[in-house]
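Chemist: Each chain, written out:
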Amino acid sequence: MRSDPADYQLLAPGKLQAVVSLLADEPGQWLPIAGGTDVMVQFAAGKLPARKLLSIWNLPELRGIEILPQAITIGAGCTYTELREHPVIAREFPLLASAARWTGGIANQNRGTLGGNIVNASPAADSLPALLAYEAELILVSVRGERGVPYLSFHTDYKKMQLAPDELIRAICLRRDFSGFLQYARKVGARNAQAISKVCIAALGRLRGGAMGGVNGGAIEEVRIALGSVATVPVRLTEVERLVKGRSVGPELVQLAGEATAAAIQPIDDIRSNARYRAAVARNLVAEFLLQLRGWEGTP
Amino acid sequence: MTAENIIGKSVPRKEGRDKVTGAARYIDDMSLPGMLYGATVRSQIPRGVIKKISFDPQFDWSDFVTVTAKDIPGKNCIALIGDDQPCLAEGMVNHPEEPILLLAHANPRLVRKAVDAVLIEYEPLPPVFTIEESERCSHVIWGADNIFKTFLIAKGDLDGIWSKADYIVEGEYFTGAQEQLYIENNGVIAAFDAEQGITLWGSLQCPYYIHKALMALCGLPEDKVRVVQMETGGAFGGKEDYPSIIAGHASLLAMKAGRPVKIIYDRLEDMTATTKRHPSRTRHRTAVGKDGKILGGEIDFTIDGGAYATLSSVVLSRGTIHAGGPYYWPSVRILSKAVATSTPPHGAFRGFGAPQSLFAMERHMDRIAQAVGLSPVEIRRRNFLQPSQSTTTEQTIREEIDLGKLLDRALELSDYTAKKARFAQENIASPIKKGIGIAAFLHGAGFTGSGERYLASVVGVEGCADGGVSVLASSTEFGQGTNTVLCQIAAEALNLPYEDVRITQPDTNQVPNSGPTVASRTAMIVGNLVRSAALGIRQTLIAEGILGASYSPAEFRAACRKHMSEHGELRSFARYQAPEGVFWDDQKYRGEAYAAFGWAVYVAEVAVDLSTYSARVEDFVALQEVGRVLHPVLAQGQIAGGVAQGIGFALYEKVVWQNGRMQNGQMTNYIMPTSADLPQIRVFFEEMGNIHGAYGAKGIGELPMDGPAPAIVNAIEDALGTRFDSIPLLPEDIFEAVSAAGER
Amino acid sequence: MSESSNHRDKCEVSLTVNGEPKTVRVYPMERLLDVLRHELGLTGSKEGCGEGECGSCSVLMNGQLVNSCLIPALQVAGANLTTIEGVAEGPQLSALQAAFLEAGGAQCGICTPGMILSASHLLHKKPNPTLDDIREGLSGNLCRCTGYMQIFDAVMRAARRGNSA
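Chains as they are written, first to last, in our numbering: chain A, 1 to 300; chain B, 1 to 744; chain C, 1 to 165.
Hints are computed from structural coordinates only; laboratory data are not their basis.
Some hints here could point you the wrong way.
[What the hints assert, rightly or not] Dumping the calculated EDC-like pairs for lysine to aspartate or glutamate here, alpha-carbon to alpha-carbon at most 20 Å: (1) K290(B) with D300(B); (2) K113(B) with D7(A); (3) K9(B) with E12(C); (4) K125(C) with D4(A); (5) K52(A) with E12(C); (6) K126(C) with D4(A); (7) K52(A) with E102(C); (8) K47(A) with E121(B); (9) K47(A) with E269(B); (10) K113(B) with E82(A); (11) K51(B) with D116(B); (12) K52(B) with E121(B); (13) K10(C) with E82(A); (14) K47(A) with D116(B); (15) K125(C) with E82(A); (16) K155(B) with E499(B); (17) K126(C) with D7(A); (18) K212(B) with D223(B); (19) K149(B) with D83(B); (20) K10(C) with D4(A); (21) K293(B) with E499(B); (22) K224(B) with D266(B).
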């Protein structure tokens, strides 16, 4: 353990109002900590620059999953376990449920939160591609009240985001728009559990004329493809999506999509993997998604 | 021969209850009054001269205890085989993380901060990081030529085999460093007073190794050093010689402070600063006849020892002797060497050189098969050692081992033939390529050659106040079942219930030196001594007339108590005697290398997903002949655990080096398999007995480490048709090979 | 329920551990693992990695499996904890503990406390787990000795005996 707890302050006001007030009074001074599965690792390694922490664990205002006819609202403090176990998420948002299942082990899933995953903003974060694919809306809160930010524009660069120093994420809204879509997610890591992803994909798609394109290859009506671990932020492959829209999936389209994928990403060499491998796997996953879409005959 | 009551049964693990209730006491669970916490200031460069050591004046150094090489009362070295490794660097550093200075303070958090407040200036010298760089000697970093040790095994006559050969098959094979990754990091507590000397408690394999090292380091006589082993959370060789270093550090601090000192490494320090498996390079050049039989060959085996000699000569020895595998070599020349690099010294890790050279041998057999046009099965069958043939060291195989039959059984258990054919068919259309591969191998149990004679191990058994007995041995438990097996043997020998036998905590004040707990020797060799010592107890009581030739447990207990009330104690000791006809020539490196070999055939089934280039082991058959299975559950556990480490060695565990320092020294980035990554590991035994081992046992602890990696890589080649000769074999490596093949 | 501190001071945290109420005076950022081991003398939970990867520090917090090395003390206020010391009922081992002994689920024992709590948590959620359920449920607990086979066996045995503790 390479930090001295005596050097740190940790407050737990217990109410959202008190938390945002403190953040407003001393912006940039307090690091919010929810489940701690990222912050406490840095702390133990002696690599946590912040000395003042503000616990937002178990704040009632950040808990709960609200189900409405058109949308669901997930409290930023919801854990991965809660996401996994919620029937609506399991059924309608399998990309998010999968991501939750693939994060760490059970012990970390019981503590890690969706809000924490977003704000920690690791390029390799497991749930972020799903949120991009679903085009989530984030509800941010501060003393000034609440505002919505489309998740697509939330991350601006490596660990930089549209979050004021005194703001917190309160909730994540997902529209219930995805019945009739094929949902495809895959995480590629160094092992089957407890792995930081080398590449991960979350994608949605449907074919023209509803879901019955079948093997005879209906044209692509809509796709959304998001990747993690291939850039400083998780990315939507908007160029690839534009390219394939309206066309039927065949070897030529898959090839073009692969090239467009390679052009859209900037994977790196790091301690876990290298750029060439990541690029190749990213292309393969996009191809696998498109081929599944072509062969897909059912509604979920 | 009467049926055995306890041998061969899965009796409860002796210390098992404590382990499942959290009552077992590991070193970090222990504290002493007035105890300080120690930390180590380590070199940040791979090689150079220490110019200046200074202490940050902004830091409050009051109440700190500091130790440098100048404080060492005895000799500044870690006494092991050679004396080249200093306990604390003095003047020069030769590898990253080399210990330079020690600190202690009552506040463990503060002592950690203090490490960063010690400022060291160096004048760097050019380092050497690979076997190739070391061989080239553009910089000489050790001795005259960077070579710690060489061996030569020369059998038969190589002249003419090359011209007689129908095939000449060459190959070069590499294995990387591997971290033992025991889940409990290294840790010790040392206490000193002028009267008792040093007492050292720790997580360790070899109390007497530490005892010897502390005597030399602290300048103390034998009876002023006491080493006690605590419950040890995994070792695998990583706590064979390394603990002498951390023990030395804590002892020096305790001597200077006059207070007990605890040093516990965190994971980063343990991974970056302590020993790993030696990286290796093996080159084969083999002359093969038309019928696939090996005529002879040359094997060049080189291991990277890191910056100091430590155990490298012994690792090299075992790797050299195993380099020819379980095959008959009419002639062979095996030249091996251990070379120096500017990295933390490599050390013992389960298998100890054999996994490295056997990886090469078993990959090479598949290569020979391809050259000759025979199957991997047939090439091995034709070359297996037969009873009365001799090994590469000219040891005659005296036991009636039938490797062909072992192979057949492994093939049947794994459904090899049908699967191989089916996979070849299915692979045509499937994006997931499946393959199946074999490895056949042997593992010598006990110390090599004259090693056991040199160790001259002693074991005792003593009577206890309640009339039971206790085993006295320095052999340590660290999961493999030492406590259980040695108690089983004593109980069987004395015809007592297992519950009446216990084993004394290894404490150099209480137990004799039964040798280190290494080399798969404990059940076989130490077990035999336990049996003798136990029989000695019985003999004593019978000779006194207080016990009949046959007796009930209650009668034994009564006799034992009677003797003790009259004599104070009841003890019997047994000392190792080398078996007849086991003769080893250290000069010529020839003869009976081991009293017994375990034999094995492993079969791995893999699936390679070409969308991610990841290989996964889907099924694994581990079949071995191990003499006698003393405890089925323990034996199966040993094999399964060893196979899991072998799978890690092959596919997951990569040490990422930069400037001689491990960069991925945390569990997030050093990848060992989780429960979600391993297939069913199916373990099977053949038992032929062993005249030299306790109740017929051979050693099994290390055997399972040798087979998985080559079996897996053979399977991956079967799946992809692509050759891989280097492990760890990661998806990134498979990708490079597959895309290169695709581009051709 | 929540405790607060204004300065770099220790604070009082009250919690229940193995059914017993406890109050400790610790820095709010003290790790729960260290509170258990040093303040409360419950050394059964182990530190293997300090980064939430090995699971040796696993405990149950309000019935949920968590890695105690990643939890700051202040966040444990009011919680109900079960550690390995609380699993057996006096001298009576739980079915899971007994199964670990029979099946060889513990070798060196360092991962065993966390593994048993993890398995206990699994069996509460899935009293009749498949092998895959067990693999997944225990995937946050690393074992270097067993290769997991006998651990799976132990969990299956305990499940078959219909006792999840």
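Chemist: To test your reading of the hints: which numbers does this structure violate?
Modeler: 1, 3, 4, 6, 7, 8, 10, 13, 16, 17, 21, 22
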